[in-house]
Amino acid sequence: METRPKILVLDDDSDWLSVCSDFLTQLPSSPDIQTASSGTRALSLLDVQPFRVLLCDLKMPQMNGLEVLSIVRRRFPELRTVALTGFSDEEFRSRAYELGVDMFWMKADMQQDRQKFLDCIESLLIRNEGEFRAVQKKSLLDVIRMESALHNSSVLRITSGWKAAHIWIRNGQLIDAQVEGADGEAAFWRILKWNTSAFEILPAEPGHVQTITKSLEALLLESAQTMKKAEHPTPKQEEEETAFVTRLTAVTCEGADFVVTVPDKKGGAARGWGIRDADQLAAWARLAGETAQRLGRKLGAGPLTHIAGHNQERHLLSLPGKGRTFVIGWPREADPRHLFEQSKKLADTWAS
Amino acid sequence: MGILNWFFRSGPDFQKLSAGGFTVDRHGNVLSSTVGPAFSRRRLRDIGCEVLLLFRAARAAQMPLTGLDLNFSGLHITAQETHGGAIIFLSPQNSRLAPPSPAGKDRP
Numbered sequence: 032m033e034t035r036p037k038i039l040v041l042d043d044d045s046d047w048l049s050v051c052s053d054f055l056t057q058l059p060s061s062p063d064i065q066t067a068s069s070g071t072r073a074l075s076l077l078d079v080q081p082f083r084v085l086l087c088d089l090k091m092p093q094m095n096g097l098e099v100l101s102i103v104r105r106r107f108p109e110l111r112t113v114a115l116t117g118f119s120d121e122e123f124r125s126r127a128y129e130l131g132v133d134m135f136w137m138k139a140d141m142q143q144d145r146q147k148f149l150d151c152i153e154s155l156l157i158r159n160e161g162e163f164r165a166v167q168k169k170s171l172l173d174v175i176r177m178e179s180a181l182h183n184s185s186v187l188r189i190t191s192g193w194k195a196a197h198i199w200i201r202n203g204q205l206i207d208a209q210v211e212g213a214d215g216e217a218a219f220w221r222i223l224k225w226n227t228s229a230f231e232i233l234p235a236e237p238g239h240v241q242t243i244t245k246s247l248e249a250l251l252l253e254s255a256q257t258m259k260k261a262e263h264p265t266p267k268q269e270e271e272e273t274a275f276v277t278r279l280t281a282v283t284c285e286g287a288d289f290v291v292t293v294p295d296k297k298g299g300a301a302r303g304w305g306i307r308d309a310d311q312l313a314a315w316a317r318l319a320g321e322t323a324q325r326l327g328r329k330l331g332a333g334p335l336t337h338i339a340g341h342n343q344e345r346h347l348l349s350l351p352g353k354g355r356t357f358v359i360g361w362p363r364e365a366d367p368r369h370l371f372e373q374s375k376k377l378a379d380t381w382a383s
Numbered sequence: 017m018g019i020l021n022w023f024f025r026s027g028p029d030f031q032k033l034s035a036g037g038f039t040v041d042r043h044g045n046v047l048s049s050t051v052g053p054a055f056s057r058r059r060l061r062d063i064g065c066e067v068l069l070l071f072r073a074a075r076a077a078q079m080p081l082t083g084l085d086l087n088f089s090g091l092h093i094t095a096q097e098t099h100g101g102a103i104i105f106l107s108p109q110n111s112r113l114a115p116p117s118p119a120g121k122d123r124p
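Quick note, the sequences are listed as chains A and B, same order. In this text, residue positions in the first sequence follow our numbering: the first is 32, and each later residue adds one. In this text, residue positions in the second sequence follow our numbering: the first is 17, and each later residue adds one.
Hints listed in this document are in silico derivations from the structure and should not be mistaken for laboratory results. Keep in mind that a hint or two might mislead.
Unchecked claim - Here's a subset of chain A near chain B, in silico, CB distances under 7 Å, partners left out: (1) P108; (2) I157; (3) G320; (4) T322; (5) G327; (6) H337; (7) A339; (8) H341.
What the hints assert, rightly or not - Not everything, but these chain A residues come out facing chain B in the computed CB check (under 7 Å): (9) P36; (10) L58; (11) P59; (12) P62; (13) A332; (14) T336.
To be verified - A short list of chain A residues far from chain B (calculated; beta carbon distances all over 10 Å): (15) D53; (16) R176; (17) A249; (18) R325; (19) K353.
Don't be surprised by glycine CBs; every beta carbon is placed ideally from N, CA and C.
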């Protein structure tokens, strides 16, 4: 039985992990705080332990935070997620919200406004699980439809992390919406993108000015079409996405950080799982393969079995295969004596 | 040695490889070596230059490496980067290969 709630902090900066862990120990609920320095490591921890909150850095060199969050959304829908970033980037912010994060914090704000940050994290930890999620799992559209069908008049207050918005309904008709920086129809569309937001129903405001004239049916039809496009990929897209997640899961299960496949054919596109920029590494792997083959021929050293490298963060193994080379990144703590066999095993899963 | 040569004469080319280590500077010049005489300085320099090329290429690919192993069926080349140069070990994977030369024998 879980006694202390668990928090997982994911960041590639070990100093930050240490600072953040110290920081979170001040939370009143005394959570069990664990850290991970790579996305794959975080996913493997989430697989085996019941974490309640994930604090995820967005900018990381290998699997970035958005990739982690997109996998987390599918595999651990109950997990509360907080995106952290060191820089202000609206696109990152909106993409993080699209992935359903509960909060978005700038690291600088988090340090400047410590108490507020701690209060927010505590609120994620202590919320009544059943009650809160029951409300949250109703979509906003469900509530609007319900209000419309009952010809109700009300104000919906929607929150997503620190962001808040309002929608006014009068006699079942949506008359206005407001969110920071927008109002009317534009605000309504923006709010609909907060697909995992929480909301509450407030008393009606009879004197509120109407800005939306389209019928609710027309708006809902448009929104349904938009959401259908966004949420229902083509079968091919779905298949590709499933294959991607399956292989990424294999990478995680084997304990690797990333895999890059490099086709032998020149000009063939490299593909990466768990790594942001596979092309640079692929270029190195091609060069390393050619150089080693050339050297091997010159020395009469026999066929090349593999190339291994390491630095302070990880081990790297380049494994020539049929028609392509696998470049596999392993965490530094992995035992180098077994990496060749483990890499071969992982490469075999691609073939199958 | 004559009888050994008789035994080894039908073996593959890599029987000539010998174990040992050598260091190269950032330009690939061999600074010191314990590798047997079967390896000319020129060949050691070739190996050193290729290894340095791979370290530099890895850095350019945003994946700087401090150590590198090239594993062939008959030889392992293990390199450690040292301030732009490298220390490189040759480890034959075949017991018929020539033994390493005594330390310092091949030094300039």
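Do the hints match the structure? See the list:
At a threshold of 7 Å, the smallest CB-CB gap from A:P108 to chain B is about 34 Å, leaving the interface hint violated. Using the Cβ-Cβ criterion of 7 Å, the hint placing A:I157 at the interface with chain B is not satisfied: the shortest such distance is roughly 42 Å. Here the hint on A:G320 is broken, as its CB sits about 10 Å from the closest CB of chain B, past 7 Å. Satisfaction of the interface hint for A:T322 is found here, the shortest Cβ-Cβ separation to chain B being roughly 5 Å, below the 7 Å cut-off.
For A:G327, the interface hint holds, since its Cβ comes within 7 Å of a Cβ in chain B; the closest pair sits about 5 Å apart. Given hint, A:H337 at the interface with chain B, holds; its Cβ is 5 Å from that chain's nearest Cβ, closer than 7 Å. Residue-level restraint check for A:A339 holds (minimum Cβ-Cβ distance to chain B is 4 Å; threshold 7 Å). A distance limit of 7 Å between C-beta atoms decides the matter here; for A:H341 the minimum to chain B is near 5 Å, and the interface restraint holds.
Contact between A:P36 and chain B, as hinted, is not supported at the beta carbon level, the nearest pair being about 37 Å apart and thus beyond 7 Å. Given hint, A:L58 at the interface with chain B, is violated; its Cβ is 36 Å from that chain's nearest Cβ, farther than 7 Å. Hint status for A:P59: violated, given a least beta-carbon distance of 42 Å to chain B, over 7 Å. Hint status for A:P62: violated, given a least beta-carbon distance of 35 Å to chain B, over 7 Å.
With 7 Å as the threshold, the beta carbon of A:A332 comes within range of chain B, its nearest partner Cβ sitting at about 4 Å, so the hint holds. Here the hint on A:T336 is kept, as its CB sits about 5 Å from the closest CB of chain B, short of 7 Å. Every C-beta of chain B lies more than 10 Å from that of A:D53, the closest at about 30 Å, which supports listing it as non-interface. The claim that A:R176 is not at the interface with chain B holds, since no C-beta of that chain comes within 10 Å of its own (minimum 50 Å).
Remark: the non-interface label on A:A249 is consistent with the geometry, its nearest Cβ contact in chain B lying 50 Å away (cut-off 10 Å). A Cβ of chain B approaches the Cβ of A:R325 within 10 Å, the least distance being about 7 Å, so the stated non-interface status is violated. Distance check for A:K353 against chain B: the nearest CB is about 17 Å away, which clears 10 Å, and the non-interface claim stands.
The structure shown violates the earlier hints numbered 1, 2, 3, 9, 10, 11, 12, 18.
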